[in-house]
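**Student:** With the sequences and hints as input, model every part of the structure.
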Amino acid sequence: MLINLNLTYMKKILLLIVSVVFTGTLMAGNADLFSYDKAKVTDELASLQMLEDFVIANPTITLTDLQNQENTLVNEMNLIPTGFYNSMMGEPPLGISSFIWGCVFGIAGVAIVYFVADDKEETTKAFKGCVVGTLAYTAVYVVLYFVAWNSVAWY
Amino acid sequence: MKKVTVLLFFFIICNVASSQNFYSIGGEYTVKNKSDGASQLIVGRFYYNINDQYIVHENSFPEKEVYVTADTNLFQINNGKVESRTTIPDLTHFSIYHLALNQQLSNYGLEGSIYKLENVDKEDDLVISTWIPDKNFKKNFGKILLSTKNKQLFGIVFFDNLENVIKKQFFEEYVNSMGLSFPSKVIEIAYVNNKEIIQVTTYKNITINDVPESYIRYTDLIHSY
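For the protein sequence lines, the chains are A and B, in the order given.
Reminder that position 4 of the first sequence reads as 39 in my numbering, one-by-one numbering, no gaps.
Reminder that position 85 of the second sequence reads as 114 in my numbering, one-by-one numbering, no gaps.
I should point out that these hints are in silico values taken from the structure, not numbers from a laboratory.
Each hint should be verified, as a subset may be incorrect.
Subject to a maximum C-alpha distance of 20 Å in a straight line, what follows is the list of computed SDA-like cross-link-like pairs (lysine to any residue) [as the list claims (entries may be wrong)]:
#, chain 1, residue 1, chain 2, residue 2
1, B, 178, B, 146
2, B, 214, A, 85
3, A, 75, B, 224
What follows is a list of derived Cβ distance ranges for each label pair [what the hints assert, rightly or not]:
#, chain 1, residue 1, chain 2, residue 2, range
4, A, 117, B, 253, 42 to 48 Å
5, A, 106, B, 204, 30 to 36 Å
6, A, 111, B, 152, 38 to 44 Å
7, A, 46, B, 223, 47 to 53 Å
8, B, 224, A, 89, 23 to 29 Å
9, B, 192, A, 46, 32 to 38 Å
10, A, 107, B, 224, 25 to 31 Å
11, B, 221, A, 46, 47 to 53 Å
12, A, 117, B, 223, 25 to 31 Å
13, A, 107, B, 249, 38 to 44 Å
Since the structure is predicted, the reported quantities are computational estimates derived from the model, not experimental observations.
All C-beta atoms, glycine included, are put in the ideal place defined by N, C-alpha and C.
**Tutor:** Structure, rendered in structure tokens:
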């Protein structure tokens, strides 16, 4: 009887250990996603870094000036002549660069770049949906506000 | 009872004071972007004032251009004149500047968006939260993993609806300006057609609560447009 009880406990403990280890194994790995090849990034942008250093040392210079001077640094690169072009997706979503969408406008911007590049019709629908949702939320909020205000005023 | 009231009052005052400390942010920025066959370098200054919510990007390279984001408008200003106006969605509240000033950068504006928090795990020194899209958006969007390190936004991994990683963003080298923490380096790696597109944005000389004259000049120009 005692041996059977011990065996039951042992089984439960073993099951618990296995499930903890298994869950841990399943959970592990997400942290690995938060890494990138730093050397590769530095290497890829090395020529742009050189150009940036040159531009910062010469703050009034523009790309047109460099092209007119037939600057070797610029000639080797296919530089986009405007600050607002989305080279990330190959075309500018709504004419605005990925810097604005991705870095400046956070998650909403990233969603828009992804949406616009993927399906323009869906994007329009999503925008309309967001607007309708916001309006509906505002309407509910206004009604609740007035109900609350009236009940306070009544008392 | 008195002590509790005083403590509560002190807490409320501290909260109000801290939330009203930061109203504007500015600085210099550089964007380096390399994709298949094309490169991009943008050098300029940015300003944002939370009171009137205009974002100004004053570029010096590749060309001298000024872009002002105001509500649903993106204005392009050249030589002191408004050259064009593009209608865009009103996303100012999702901007890195707005989120930083409101000290909400750590969730990247995901709270209150179409995404909902599914779970939070701690792995090594990272706190990783998983965000899933609202059921209406699941057809087009995948999950998002967001990590923080020392309570600061560290990285974001975007997935498509088929669980493929489509983009990673890393927020590094935080600087502290007048008590406000801001990442001075943002690395973006997008995965498009089995190719990596790399973009690095750097910020420097961050100023807080200092609205320059040029910001007022550009916003005045928009008002009179």
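**Student:** Next, verify each hint and record whether it holds.
**Tutor:** Each hint, compared with the structure:
1. Restraint check: the Cα-Cα separation between residue 178 of chain B and residue 146 of chain B comes to about 18 Å, which is no more than 20 Å; the hinted pair holds.
2. A threshold of 20 Å between alpha carbons decides the hint, and for residue 214 of chain B with residue 85 of chain A the separation of about 17 Å falls inside it, so the pair holds.
3. Distance restraint check for residue 75 of chain A and residue 224 of chain B: the Cα-Cα separation of roughly 13 Å lies within the 20 Å cut-off, and the hinted pair is therefore satisfied.
4. The hinted window of 42 to 48 Å between residue 117 of chain A and residue 253 of chain B is violated, with their beta carbons roughly 25 Å apart.
5. Checked against the hint of 30 to 36 Å, the pair residue 106 of chain A and residue 204 of chain B passes, with Cβ atoms roughly 32 Å apart.
6. The beta-carbon spacing between residue 111 of chain A and residue 152 of chain B, approximately 42 Å, falls within the hinted interval of 38 to 44 Å.
7. Between residue 46 of chain A and residue 223 of chain B, the C-beta spacing of about 48 Å keeps the proposed range 47 to 53 Å intact.
8. At about 28 Å, the CB distance of residue 224 of chain B to residue 89 of chain A agrees with the hint of 23 to 29 Å.
9. Between residue 192 of chain B and residue 46 of chain A, the C-beta spacing of about 35 Å keeps the proposed range 32 to 38 Å intact.
10. Distance hint check for residue 107 of chain A and residue 224 of chain B: the Cβ-Cβ separation is about 27 Å, which falls inside the suggested range of 25 to 31 Å.
11. Restraint check, residue 221 of chain B to residue 46 of chain A: a C-beta distance of roughly 51 Å satisfies the suggested window 47 to 53 Å.
12. In this structure the hint that residue 117 of chain A and residue 223 of chain B lie 25 to 31 Å apart at CB holds, the actual value being about 28 Å.
13. Separation of residue 107 of chain A from residue 249 of chain B is about 42 Å and conforms to the stated range, judged on CB atoms against 38 to 44 Å.
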